[in-house]
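Novice: Sequence:
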Amino acid sequence: MRTAKGKIRTLEELETIISREQGKGKEVVMANGCFDLLHVGHVRYLEAARMEGDLLVVAVNSDASVRQIKGPPRPFVPQGERMELVAALEAVDYVFLFHDLTLDRVLFRLKPQVQAKGTDYTEETVPERETVLSYGGRVAICGDPKDHSSTELGKGLSP
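Under the working numbering, read the sequence shown as residues 4 to 162, first letter to last.
Just so you know, not all the hints are guaranteed correct.
Unchecked claim - Computed list of lysine-lysine pairs in DSS-like fashion (alpha-carbon distance at most 25 angstroms, straight line): (1) 114 / 27; (2) 27 / 10; (3) 29 / 114; (4) 29 / 10; (5) 114 / 10; (6) 8 / 114; (7) 29 / 8.
Source of the hints: derived by calculation from the structure; they are not laboratory data.
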């Protein structure tokens, strides 16, 4: 059994792993998010994403990109800890850190068969949709309704 830290990889390592697994006929699913203040909505999203394929790889936003997306004082939890928490979930096979605001560059590089997004999106509104379709992948909307939010939970923690 791999430890949570053993699931954390670099993008370069994942290129090799994903290529090998796809060569064996496995379907790779990519999910992403900030995962600040991990909550049940995150768990349900990732469990549903895992059901879309054979291997779930999760891209966790860097601290700098979380600040750009959510604004100060986010993130509340540093990137290393957020990656370790996500990696500890049973549904997750691998985790890596990414710095961009969208997954386009990562998707072009890794070419997972499925990109999983939460229910705050539709298949038509996923920002990376055209990228995924361009290499023959598909988009899957996963999880329960978006009524769990780190942003809402965190409002009580802000000074």
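Novice: Quick check: which numbered hints come out false for this structure?
Specialist: Violated hints: none; all satisfied.
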